[in-house]
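Given these sequences and hints, build the entire structure.
These protein sequence lines map, in sequence, to chains A, B and C.
Quick note: the first sequence uses my numbering, first residue 1, plus one each step.
Quick note: the second sequence uses my numbering, first residue 1, plus one each step.
Quick note: the third sequence uses my numbering, first residue 1, plus one each step.
FYI, nobody ran anything at the bench for these hints, they're computed from the structure.
Treat each hint with caution, since some may be false.
Claimed, not checked - Below, in silico cross-link-like pairs of lysine-lysine (DSSO-like), each with a Cα-Cα straight-line distance of 27 Å or less:
hint	chain 1	residue 1	chain 2	residue 2
1	C	K476	C	K397
2	B	K186	A	K43
3	A	K49	B	K174
Because the structure is a prediction, the values reported are computed rather than measured.
Below are the chains, spelled out letter by letter.
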Amino acid sequence: MSDCTLIREQMPLLLTESLGSAGREAAHQHIEACASCETEWSKTRETWKLLAEAADRPVPTRVRARFLDEAASMGGAMSRRPVVVPFTRKPVFRRLAQAAAIAVIAGGAYFAGSTRGTTPATGTGMIASASPAPQFRISENARLSADQIAPEIAGSPAISNVRFIDHEGRPGEVGMTFDLTQKVTVTGKATDQSLVNLAAYVLGDSDHPTTSRSNAIQWVRDTYSTGQTADPQIVTALSGVLRNDAHEGVRLKAVETLGSLPAASLGGAAAQARQALIDALQNDPNTNVRLKAVEALANLAAVPDGFDPAAVETLRKKASQNDENPYLRVKAAEALSQMNL
Amino acid sequence: MRVEMTEKAEMTDLTDQELMGLVQAGDYSPAAVLYDRYSTRIYNFAYRFLRNSEAAEDATQEVFVKMLRHAHQFNGEAKLSTWLFSITANLCRDHLRKADNKAKDDEDALLTMPAPAEHSPQHVLETRETERRVREALQKLTPEQREAILLSRYQGLSYAEIAQISGCSEGAVKTRVFRAMETLKKLLTDPVNGDTRCLTAL
Amino acid sequence: MMPGIRHAGAAALAIAILAPPPVGAAEAGKLTKSFSEKSSRTLDVRPGGVLWIDNAIGSIVVTGGGDKVVVETTRVLRAVDDATLESLKKKSSILIEGTPESRIVKSTGLVSSVNALARIDYVVRVPASTQLNLLSGVAEKVRVTGVSGKLYVRNWRGLVEVADATGPVQVDTVNTNVHVSFSRKPVSPMILTSVNGNIEVRVPQSSKFEWYAETMKGDILTAIPVKGRPSERPGQRIYHASVNGGGGSAIRASSITGKVYLLPMENPRALAASVLPQAPQSVVPAPKAAMKEDVGVMFRSVVASLLVVPPSTRTFEVRKGRVAGNYDFAATLGENVFVGEIDGFARIVSAGGEVVLGRVAGDCRVASQGGPINLGEVGGYAEARTVAGDVTVGTAKKGGRFGTGGGSIVVRRSLGPLVLETSGGDVIVGESASGVSAETHSGDIRVRLDSKGTADASELRTGRGNVTLEIPKDAKMTIDATISMSAEGAHRFESEFPGLTVVRERVGDGVRVRATGTINGGGPQLTISASSGNIALRRAPDKIATAAPAQR
Chain A
1 MSDCTLIREQ
11 MPLLLTESLG
21 SAGREAAHQH
31 IEACASCETE
41 WSKTRETWKL
51 LAEAADRPVP
61 TRVRARFLDE
71 AASMGGAMSR
81 RPVVVPFTRK
91 PVFRRLAQAA
101 AIAVIAGGAY
111 FAGSTRGTTP
121 ATGTGMIASA
131 SPAPQFRISE
141 NARLSADQIA
151 PEIAGSPAIS
161 NVRFIDHEGR
171 PGEVGMTFDL
181 TQKVTVTGKA
191 TDQSLVNLAA
201 YVLGDSDHPT
211 TSRSNAIQWV
221 RDTYSTGQTA
231 DPQIVTALSG
241 VLRNDAHEGV
251 RLKAVETLGS
261 LPAASLGGAA
271 AQARQALIDA
281 LQNDPNTNVR
291 LKAVEALANL
301 AAVPDGFDPA
311 AVETLRKKAS
321 QNDENPYLRV
331 KAAEALSQMN
341 L
Chain B
1 MRVEMTEKAE
11 MTDLTDQELM
21 GLVQAGDYSP
31 AAVLYDRYST
41 RIYNFAYRFL
51 RNSEAAEDAT
61 QEVFVKMLRH
71 AHQFNGEAKL
81 STWLFSITAN
91 LCRDHLRKAD
101 NKAKDDEDAL
111 LTMPAPAEHS
121 PQHVLETRET
131 ERRVREALQK
141 LTPEQREAIL
151 LSRYQGLSYA
161 EIAQISGCSE
171 GAVKTRVFRA
181 METLKKLLTD
191 PVNGDTRCLT
201 AL
Chain C
1 MMPGIRHAGA
11 AALAIAILAP
21 PPVGAAEAGK
31 LTKSFSEKSS
41 RTLDVRPGGV
51 LWIDNAIGSI
61 VVTGGGDKVV
71 VETTRVLRAV
81 DDATLESLKK
91 KSSILIEGTP
101 ESRIVKSTGL
111 VSSVNALARI
121 DYVVRVPAST
131 QLNLLSGVAE
141 KVRVTGVSGK
151 LYVRNWRGLV
161 EVADATGPVQ
171 VDTVNTNVHV
181 SFSRKPVSPM
191 ILTSVNGNIE
201 VRVPQSSKFE
211 WYAETMKGDI
221 LTAIPVKGRP
231 SERPGQRIYH
241 ASVNGGGGSA
251 IRASSITGKV
261 YLLPMENPRA
271 LAASVLPQAP
281 QSVVPAPKAA
291 MKEDVGVMFR
301 SVVASLLVVP
311 PSTRTFEVRK
321 GRVAGNYDFA
331 ATLGENVFVG
341 EIDGFARIVS
351 AGGEVVLGRV
361 AGDCRVASQG
371 GPINLGEVGG
381 YAEARTVAGD
391 VTVGTAKKGG
401 RFGTGGGSIV
411 VRRSLGPLVL
421 ETSGGDVIVG
431 ESASGVSAET
441 HSGDIRVRLD
451 SKGTADASEL
461 RTGRGNVTLE
471 IPKDAKMTID
481 ATISMSAEGA
491 HRFESEFPGL
501 TVVRERVGDG
511 VRVRATGTIN
521 GGGPQLTISA
531 SSGNIALRRA
541 PDKIATAAPA
551 QR
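Listed below in structure tokens is the structure:
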């Protein structure tokens, strides 16, 4: 019996794995053999598991603000810069080389087309318009055989990181590989797949600390908010920006753009846009991003079948959330009152 | 004096000890980073301890203010978390001593707790209900037992660390955790006490 | 209010009473094909067990009493054509799941659109001790009477009525009026929330309990003599009273934009008076709400109980044409503030709302918990800060300091020094005759300085974004511009002024671009930095058009 008492006292230690291996072994042996201890053990484990059900609550944001205010008044040197709240990043796109890396086999001319069997581009082949037979591919790596390349090199392109290689397995052939930075201009209709893909890529390319992303958002907005259609791919890319970009200014543009797209034309992508906005409304640390998410959700709900229970519930909770920004709470209430529930 | 964006970004890469070194030198710019690292743990420890969200908020703020004010007392050999929990535990004990801290669960918070859309309403409400029962059960423990079980279960601290924070021996910690578990087991797994699982958060 | 309007309002409401609008967006007129079907079943639920009803569209009426759970349902389908009707028949159904401990009844395939309507109405009898969880979307009514188990109701639009519940009650709603009544004094705690609906609790006059009521844009009213304590949080009004000495259970009611009532059983609502301190005199409800208030008293109780249209959001506003003298106002309820002209200084603290001031002769200080700030012309020094929202300023004659926790800052013209800070958003200065210090964590900065503006030092900083500065061609300045984290070739420093030294150096993965030197012989320091972005230094057009924002 005293054995049982000892074992029971050790149960919490078993749970935290803070018992030595010998003790652990002995305890488990006893538990397996002793019915009443086995019952106790399973209850202990269940209790331990239940305790974890009381999940962590988020700390109300006002605590942080109060603390930082007080810290600032305490006289230590504080940064003047607004405090940057890191926003969870989930990199979607892997790092890509910033210039197309092109391997040219057996010398030859300079060209970046890679579609086998197409006519080599001329010097003006840099400008490609969307045509039925694409001649130009934008890619991270292009591997070309010399006869695919026009012999002339146009202009003075920047070639770097040059290496000379043997061609694998084919005697007599040589090759060179290099990074190429070139200026490419693509024109076409806003609905051309190549342009849509390019825009989506630039939006989603989180690895390049370039401003092209915020410029791209502006362009997407100018292009698609007034039009009749917005490609679902654009919605996906904007949702990605809204979730992942560490910069509130960029997220702000993304959320505004999502809200300005013609809701009726989004089709299945509307659900995706709504989910991204709901996530932003729940989690974005920047009040203005959340505020714009409220407006954008209201906009998406204003079309037939735009009704989404999850959006209604999120807005309802935001309106009732005591530690949320009061202006935002009222805006959420207004959005709900205008919704065609 | 301006902190460059690049330095700001790197500050999150510094260790606790390095950041506290800055604070000890009178530079409070790591305050936000340290807060972001530990506030959730500190706040939830205090909230579960006191079951009073206002008091938990005050305690959280106080802990970090003390961290800055008494930075020189921080001895780089201990873990920063251990030191912060010591401060928190002290504040919570003080609070219990001073105020007749009627456990005050703010229903407001219950109303606004996030309910992930992917879960069925049943699941969500059952989770809420379990949470309520757990929080209530924790209040039935003595403060010492509660402190021990919170640090062990929710903060994953070793008995040695808990002993340091609670100012007692490891043996005492062991006893407190055991007794806490016995009580919780009765409250949470016995059908008699496991009151009917209604799903409203009341 | 004009009698004509009153009549029109009353007439419209009378129609609403006679023919409650169909649930959802569907217009009954177009849906000529219809189908309806009744069914009834008895469910196995243990005494004290939980019954769930999850019904997106349609009423739910539950009555406590008896010893069995009996669920009667009416499925109502309407469609524009037969094919649609057939598909509604196939899709809509009732699922029953769970165990006797926790029984779940779930409607599926309900819709409300231009072409189709599928709803299910529930009439349910349960043993009084049954615990209920009613998840309702749109319902003309959800009514529960005579139950003693715990009760949870969720609804988005319609009316929720609870009568004589003796167990704990929680009701969460959106555009829904909530009526709870007790013929005997309440004994259990209760939480009632609505976003845009009214909440009404009726109790016997002598009941003892703790009453907590909250609203942001609505009102708190009672016809029971209570002594309580109003308090305020930003944008929010809270009232707590120990009714008849208090003790007992707590009744909490909160509506963001609607009214919260506490009434004796028999009294008409019209006798209830607000417990809140008189709102500032200048606060007037927006016209929509005013019309609603204008409905004749005799209609009120009928209307409110039948009306399923959500009450409109009451946005409080302060509107003033001209203030002769100073204007010092705390918009603690989050009122929108619109003032045309202020002859003296202006000081406005807002708990969250729009602030628009046309012309302020003196100094101007605006601090807002959230919402845009728009200032036309400020004669004195100007300061405006908002937690979230854009700050727009026409002319700041003595310059100023503007900030937002997220949003853009636009100053069209400034004659004094400017300090501008946003944690995310663009900063645009159309023209400044003094130095500018601008900082954004992420966003573009576009600033134009005139010849006086270049006589001061300026500092422009962005994390992620472009900086464009326009200065007169003969401006004398000393430049230090840095792009600190450029990927190779991704960002450029461009200058239309000769004489700067541009150094590119590799730092870690990227390149730092730094341009230094003097233009036109040098002068005040001009510091520009972009963590990643382009920097462009341009010549302003010879004739600067006043009040025109700088273009990219």
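**Prompt:** Does the structure break any of the earlier hints, and which numbers would those be?
**Reply:** Checked against the structure, no hint fails, so every one of them is satisfied.
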